[in-house]
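Q: So the sequences go chain by chain: A and B. Each residue of the first sequence is one higher than the last, beginning at 707 in the numbering used here. Each residue of the second sequence is one higher than the last, beginning at -16 in the numbering used here.
Hints listed in this document are in silico derivations from the structure and should not be mistaken for laboratory results. Note that the Cβ used here is the ideal one computed from N, Cα and C, for glycine as well. Take these hints with a grain of salt, some might be off.
Claimed, not checked - Beta-carbon label-pair distances, calculated as ranges:
#1 B:L229 / A:G906: 21 to 29 Å
#2 A:L721 / B:M240: 44 to 52 Å
#3 A:L943 / B:P151: 42 to 50 Å
#4 B:V214 / A:G906: 40 to 48 Å
Each chain is listed here by its residues.
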Amino acid sequence: MSDTFFTKAPHWEWLIILYFFIGGIAGGSYFLAALLDLWDEPEDRPVARLGYYVAFVGIVLSGLLLTVDLNRPERFWHMLIMSEHGWPMFKYWSPMSVGSWAVLVFCAFAFLSALSALEEEGRVRWPLLGTLRRGVPGVLLAVLGGLCGFFVAGYTGVLLSVTNRPIWADTNLLGVLFLLSGASTAAAALILLGRWRGVGAAAVQWLSWLDSRALVLELVVLIALVVSLGSVARVWLNAWGILLVIGVVLTGILLPLTLHARPHWLGNLSVPAGAALVLIGGFLLRVVVVLSAQGV
Amino acid sequence: MAEPMGFYTDTTVCIGCKACEVACKEWNQLPATHGGENTLSGDSYDNTRRLDGIHWRHVKFIEQFSEDRSQGRWLMMSDVCKHCVRAGCLEVCPTGAIIRTEFDTVVIQSDVCNGCRACIAACPFGVIEVNPVSNTAQKCTLCYDRLQVGLEPACSKACPTDSIQFGPISELRERAQRRAQQLHGQGETRAYLYGADENMLGGLNSFYLLVDKPEVYGLPSNPQLPTRHLVWSSVFSAVGAAVLGLFGLLGLRKRRMDALAAQGEAKGPA
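My request is simple: use the sequences and hints to build the entire structure.
A: Spelled out as structure tokens, the structure:
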């Protein structure tokens, strides 16, 4: 019997599930927007800007969710500053320590990029922001911010593994799973929101193409994860396992992949329907991973 | 630094009186369970059920009886934080609330903890929980306040059979080895020490003499540090990020090639 069954659950529940979902979308959106930024096609500008807005709103919401989830929310800053000395508090071997700084730094990146996007649209008058879209500053912001975003999307899975809880600490693949899911849910969110923002068809096509690749990778990693759990996988021989198969694999991965391959099934609705299913599946993945371990 | 201090608990002389539970609760002013309501656990004489934020000592009762009840024994063990030399809780704590004291014990500073609960998930023994009064994670402090004024912890002071012994770890280990050998000599060959050497998390500064498998006592047989997953989890994530980034660029390149090809066709042959 795995030694992980002798541990206590940390009661990370709905607030944390929401954070994992929204944080993944925020990080993934910034990464996608940064890629488009660096590729620099004029037709992609609306999607890139949308990605930065989603990233900023998402990371602010994430910060709020994390703070409210603490048992002592007014002490959230203790993760960043040593409460007794005032020096920075940072432990590179603790995912939660690194993650709290990553959320803060990513928030700054997302804020700058969102502000720059607003200036590009003419909603903010501050020409200096234009320098953040060009030359070396532009490349630096996109690359560093994109990496930071990807880190935020993936570190949460690593954080779960750096515990001693069943499922979480019985595999090394949660980090990459959450990262892939974050990227695919971000692409799906941008596809859906793009419909209201007048995003170009070429951009949506690229998002859809990339989403389908991310979904395949996600399925491969999920299967590898279940295999890596060994006998601990029996934790999922119940309703959680059913939700995983039907809600995550069927609804969230296989159905969207089928719609991508057979777009004529739902015509114009194929792409947005596929995106909606990806979002549902991504959310349910986090529900299953977090709550199934909680109950053991 | 003062030398490592801790507990050696000889479970073979525990009588299950729970003086340790009472002394711990009194000294640390922990609230009563369910507001003092008298509830039965249905689990032998176990009244506290588990270690948590308001139970820092937990006496376990394991009844081992044959079918016809002609053969039997009780295993009684006062469970507590193991004060691991390599402590998982200390590793993951993001606020620095969890510290190692000059006595080599592990203490959660309640004025620093913000209740993120990472330590709860990290402890391989399931020791830590949130205390609903302070809303911070709390556990046995090995009576750090008493140690600092030269007193011994409340539980070991109260223990009437000296099942719980407090002292320098080196001395306790010698004593425990002699006791294990004595028991072997008397025919109790199942007796062994749990956590008395560096093999288990660098050594437990609260180690035990047990007479059955660890799982029987609700203890993990091979507890590990949570950071054992840090490197490979991070490596896999980084690889995943690189692959996805590559796919992203490939997709954009493919789109550009297709667009150029379409333009070329539209213009017609040169």
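Q: Would you mind marking each hint as holding or not holding in the structure?
A: Status of the hints after comparison with the structure:
1. Take L229 of chain B and G906 of chain A: their Cβ atoms lie about 23 Å apart, and the range 21 to 29 Å holds.
2. Against the hinted window of 44 to 52 Å, the Cβ-Cβ separation of L721 of chain A and M240 of chain B comes to about 45 Å, which satisfies the hint.
3. At roughly 48 Å, the beta carbons of L943 of chain A and P151 of chain B sit within the given window of 42 to 50 Å.
4. A hinted range of 40 to 48 Å for the beta carbons of V214 of chain B and G906 of chain A is consistent with their spacing of about 42 Å.
Figure legend: structure checked against the earlier numbered hints; every hint is met.
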